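Number of protein chains: 2
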Amino acid sequence: MPKSVELFFDVGSPYSYLAATQIERIAERSGATVAWKPMVLGAVFKATENDMPARCPAKARYMLADLARFAALYGVPFKMSSRFPVNGLRAGRLVVAAGAPESVGALVLALFRAVWVDDRDPSDPAVLADVANGVGLDGAALVGAIDDAAVKDALRANTDDAIARGVFGAPSFFVGDQLFWGNDRLDFVERALHEG
Amino acid sequence: MPKSVELFFDVGSPYSYLAATQIERIAERSGATVAWKPMVLGAVFKATENDMPARCPAKARYMLADLARFAALYGVPFKMSSRFPVNGLRAGRLVVAAGAPESVGALVLALFRAVWVDDRDPSDPAVLADVANGVGLDGAALVGAIDDAAVKDALRANTDDAIARGVFGAPSFFVGDQLFWGNDRLDFVERALHEG
Chain C
52 MPKSVELFFD VGSPYSYLAA TQIERIAERS GATVAWKPMV LGAVFKATEN
102 DMPARCPAKA RYMLADLARF AALYGVPFKM SSRFPVNGLR AGRLVVAAGA
152 PESVGALVLA LFRAVWVDDR DPSDPAVLAD VANGVGLDGA ALVGAIDDAA
202 VKDALRANTD DAIARGVFGA PSFFVGDQLF WGNDRLDFVE RALHEG
Chain D
52 MPKSVELFFD VGSPYSYLAA TQIERIAERS GATVAWKPMV LGAVFKATEN
102 DMPARCPAKA RYMLADLARF AALYGVPFKM SSRFPVNGLR AGRLVVAAGA
152 PESVGALVLA LFRAVWVDDR DPSDPAVLAD VANGVGLDGA ALVGAIDDAA
202 VKDALRANTD DAIARGVFGA PSFFVGDQLF WGNDRLDFVE RALHEG
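First to last, the sequence lines map onto chains C and D.
Just so we're aligned, residue 52 is where the first sequence starts under the working numbering, counting upward by one.
Just so we're aligned, residue 52 is where the second sequence starts under the working numbering, counting upward by one.
Remember, identical chains collapse to one label, so a pair may be satisfied in a single copy or spanning two.
Here are the simulated SDA-like cross-link-like pairs (lysine to any residue), alpha carbons at most 20 Å apart as the crow flies:
(1) 130 x 104
(2) 54 x 228
(3) 110 x 235
(4) 110 x 96
(5) 110 x 93
(6) 97 x 107
Read the hints as simulated data drawn from the structure, not as lab findings.
Here the structure is a predicted model, which is why all the values come from computation and not from measurement.
Bound-form chain C, shown alone (with noise of 0.2 Å):
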């Protein structure tokens, strides 16, 4: 078996995106391939009776230094999304009808920086379709199957399965059973994978 992380997210969320630009340098390190799992964070919320971190004002103003800091960390650019919260539910339709998992991950980094970098509207058809065409897909046959209510169920077995293992905000992370929570986890989550 190769080794794996898996990464539950929704590109709704900033610190998902800040993740996401540097776990597939984590996992190649280790020999390991991610699996790119969108979820609806809204819907994890409502689940497990947590908040967005944005919801107290104090934080909000605290997040946006931080995620400058982190984005400087990395040396990636964010810029704040002018439409927070950011709905990603038809983004996450849109990877989740897009293929398996692991074959997902130049969609979901393109869509990530469609949002958080070009401050584009993730709920867009058009830009959907857009993003997709510009990594080498049929953006306009993947926007045509967002619908399909087997893309939908897709997408809402990826939420259940995640707060069934725990999770209860994003990015989060596995590495087998054991949940790393937050971008700022990534440390652990290498760790996890030299030890695996």
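Guided by the hints, dock chain D onto chain C, whose structure is given.
Just chain D, lined up with the frame of chain C:
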């Protein structure tokens, strides 16, 4: 001006304990001093409409694993308190009564150990006196002072100062006017001290 890092904490906060075990070494590496600033975390949560993380059951379960991971990383003992949430109010007053923020490190660390290693009750005056005696202070005199108006006011002033400067949780650090929140931001604190 010698460099300084302010640590706003509540003895009832387990992540504050973890951070406290590391902050003096981090400060020393930058030739900086630590200003230990007790505050009342419950009052901070109330003023900022924030919530204790453990209010979300899934997050509370995860926190146990996360706290154990950091304790192992740091090589420090940790035992979850049997009385969580822990009321750190009297311990905060004791620290304020004991002297200037730069002079109370040994007492603060002993209080944290009493709660987060030895599972003692920091709302029990006998425990507080014993812990103070153990670091060479006059426990009886300090415990006798914790209901003084000046002591209560000083702890309240710390709390109000923290809230006014953007604090919404514990531990929180200031390097100059830069706020850092969480045991997991110690790397950023150290970087700010080196740059400062």
